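Assemble chain B onto chain A, guided by the hints.
2 protein chains.
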Amino acid sequence: MSSKGQQTQEKILSATLDLIERQGFHSTGLQQIIKASGAPKGSLYFHFPEGKDQIVSCALQQGSEFINAMINHAFTLADNPSQSVGWLFDGLARRLLDSNYEKGCPVATTALEAGDAHPQVRDACAQAYDLWQDSIARGLCQKGIPEEQAVYEAPLILSILEGALMMAKVRRSRQPLDQARDALLARFPSG
Amino acid sequence: MSSKGQQTQEKILSATLDLIERQGFHSTGLQQIIKASGAPKGSLYFHFPEGKDQIVSCALQQGSEFINAMINHAFTLADNPSQSVGWLFDGLARRLLDSNYEKGCPVATTALEAGDAHPQVRDACAQAYDLWQDSIARGLCQKGIPEEQAVYEAPLILSILEGALMMAKVRRSRQPLDQARDALLARFPSG
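If you read the protein sequences in the order shown, they are chains A and B. According to this note's numbering, the first sequence is numbered sequentially starting from 11. According to this note's numbering, the second sequence is numbered sequentially starting from 11.
It is possible that some hints are incorrect.
No copy is singled out in the list; a pair is fine if it fits within one copy or between any two copies.
As the list claims (entries may be wrong) - Calculated cross-link-like contacts (lysine to any residue; reagent style SDA-like; alpha-carbon spacing at most 20 Å):
no.: 1; residue 1: LYS113; residue 2: PRO129
no.: 2; residue 1: LYS113; residue 2: ASP126
no.: 3; residue 1: LYS45; residue 2: LYS62
no.: 4; residue 1: LYS62; residue 2: GLN33
no.: 5; residue 1: LYS45; residue 2: ASP28
In short, the hints are calculated from the structure, not lab data. Note that the coordinates shown come from a computational prediction; the quantities given were computed from them, not determined experimentally.
Just chain A, with the same shape it has in the complex:
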């Protein structure tokens, strides 16, 4: 693909991700994606011939990789698992506050909206959660947590993170994230 084509594709995906994260899957239409991305209508159908579900699935993959990079960053750079978990929660809390409580989890709203009628979109959401869970488990192992415990803790951390992000967004307060972080920190060595 030409570099101009790649640029157009990237503009479409980042505009889509921004829209679905702020307002959800159902209220984001193709016209709005065209307007927000500045891409001509024809290029939308050229790059994504299957339409909205394909665009949204690809955009969710971008959002998934963004959060995955945050997870890997937190586990690679921190000194211990407790610090990693703290950084992850704090990073997501900062992102939520900086976006005026619009940007919590980039996948969650669409994940709850997309039912049986949108299997491609639902699969993209499930894959994002799988990726993050695996990265958390691997990160805990890297930080010295025994594998069995890491595999047990990773889905719990992900559930708590998702629930606390949702509570924080609805309540317009980072408190639920801070409480969840502090409760989790007590489970891991910080020395």
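Okay, now just chain B, sitting in the frame of chain A:
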């Protein structure tokens, strides 16, 4: 209000709750509510002159009271706090499975969708979470957990519950709920 008027109002609210829980706030329109409830269009505007946001807010309140009854039931009838928490998670897991993974938390999808443009709806969601959190805290106290700990644990239990319900719905598996329940049970006396 006449008993026929009350019946119509109840039909409208339960149809709305069912629709927003299955498909979310944005994709539920007034026409669909009219069709699903069987209520004449005029009665919709008679009972809810402010329109869709008012209907949805009232429907969310019904959903909120339903979940609150489940919480109070679990804390009133169980022998200990551990059993209460277990019953709550199991009850919600059963509800999710019985609805073919459509009905997790009746409030969550709308809570994530409704932003600044729908303050009445967002407030109804926040009020639901406040009510449940207070009921969990009071329930823990009733079961002998010291007040300070109960007030600390209640928002955590709610965050974990909401996150695990979302994961279970997206993954079409009750496993995230079971894992979250087991991790929580270890925090409370079961004797």
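Okay, the hints, checked on the actual structure:
no., hint, in the structure
1, LYS113 to PRO129, "between (24 Å within a copy, 17 Å between copies)"
2, LYS113 to ASP126, "between (25 Å within a copy, 13 Å between copies)"
3, LYS45 to LYS62, "within (14 Å within a copy, 27 Å between copies)"
4, LYS62 to GLN33, "both (15 Å within a copy, 17 Å between copies)"
5, LYS45 to ASP28, "within (13 Å within a copy, 33 Å between copies)"
Against the hints set out earlier in the document, no violation occurs for any number.
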